[in-house]
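Asker: Residue numbers (our numbering), protein chains in the order written: chain L, 1 to 139; chain D, 1 to 139.
Mixed in with the good hints there might be a few duds.
To be verified - Okay, derived cross-link-like pairs now, DSS-like style, lysine-lysine, Cα gap no bigger than 27 Å in a straight line:
| id | chain 1 | residue 1 | chain 2 | residue 2 |
| --- | --- | --- | --- | --- |
| 1 | D | Lys135 | L | Lys46 |
| 2 | D | Lys63 | D | Lys77 |
| 3 | D | Lys135 | D | Lys77 |
| 4 | L | Lys46 | D | Lys77 |
| 5 | L | Lys46 | D | Lys62 |
| 6 | D | Lys137 | L | Lys46 |
| 7 | D | Lys62 | D | Lys77 |
Quick caveat, the hints were computed from the structure, so don't treat them as lab data.
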Amino acid sequence: MALTIPWPSLLGGILMGSAGLLLLLLNGKIAGISGILGGLTSPNRKDFLWRLLFITGMIGGGWLSIYLLGTPFPENYNASALIIITAGLLVGVGAGVGNGCTSGHGICGIGRLSVRSIVATCVFMAVAGITVFIRLHML
Amino acid sequence: MFYVIALLAGVLFGIGMALSGMVNPELVTAFLDISGQWDPTLIFVMGGALAVFIPGYQFLIKKRAQPILTNDWSLSKNNSIDVQLIVGTSLFGIGWGLLGVCPGPAVTSMLSGNSDVWLFIVAMMAGLIISHQLKTKVL
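Same shape as in the complex, but just chain L:
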């Protein structure tokens, strides 16, 4: 198998790492998307505004990448509404209970060499791998 480096993916990762670093170094905040979203569900918190701005920026960043860079996005998730709702609920409950997701544990947590985040990332990757195996090769 010839190994070709997927440059846009590498660059995308570098941009996300830089954004996470910027938010922590200047603002002292962790760029964990589920954590930032979770904080938005209780609007009386004093740090509501920065969370809203970060999420607005992300939505805008996605939009900009389509119109400036022509980045492809899928038109749909090619799954039933039941699967989409179930996946969304599990991702939300799981990230909430486990205090983080792919960005918070996977980038910022591992980036701080936090053992808790390294364990968390290994667990969700393994469980997601098993789920995909069952979905694609057993059902």
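For this one, chain L is given, so just place chain D on it according to the hints.
Answerer: Same frame as chain L, now just chain D:
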């Protein structure tokens, strides 16, 4: 300035997320499907992010008493690997494996015209609210 940085970090994170290809669940599923046609692209995404974040944290952040624009670090002091972490990240893994979508890519896709992303977002936000109730009342 604090709020400008929050918005800017969000924009950078969103562009990175779009460029990386993680907004496409097929890429995520192909990475998680190690017994099929394994696609290692996600390693480059995470590798790129960590290649910036790990040295940035070690050399710029760790030695600082406080962030540049605020007084305190909002970092988790929780180092325990407990049942809550394992159960939460496992549920997250099932949801992630089921559809190939996690919080960051979903937020980035909100204005992309993806007809399924809003359903996922609503379910995920409901999940985050449920997790908050679980944590305060049950766990």
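Asker: Evaluate each hint against the coordinates.
Answerer: Here's how the hints hold up against the structure:
For the proposed pair Lys135 (chain D) and Lys46 (chain L), the alpha carbon gap of about 21 Å is at most 27 Å, so the pair holds. A hinted pair counts as satisfied when its Cα atoms are at most 27 Å apart, and Lys63 (chain D) with Lys77 (chain D) qualifies at roughly 17 Å. Simply put, Lys135 (chain D) and Lys77 (chain D) have alpha-carbon atoms about 17 Å apart, close enough for the 27 Å limit, and the pair holds. Between the alpha carbons of Lys46 (chain L) and Lys77 (chain D) the distance comes to roughly 21 Å, so the proposed pair stays at or under 27 Å and holds.
Note on Lys46 (chain L) and Lys62 (chain D): the hinted pairing holds, with a Cα-Cα distance of about 26 Å set against a maximum of 27 Å. With a CA separation close to 23 Å, the supplied pair Lys137 (chain D) and Lys46 (chain L) stays within the 27 Å bound. At most 27 Å may separate the alpha-carbon atoms for a hinted pair to count; Lys62 (chain D) and Lys77 (chain D) meet this at roughly 14 Å.
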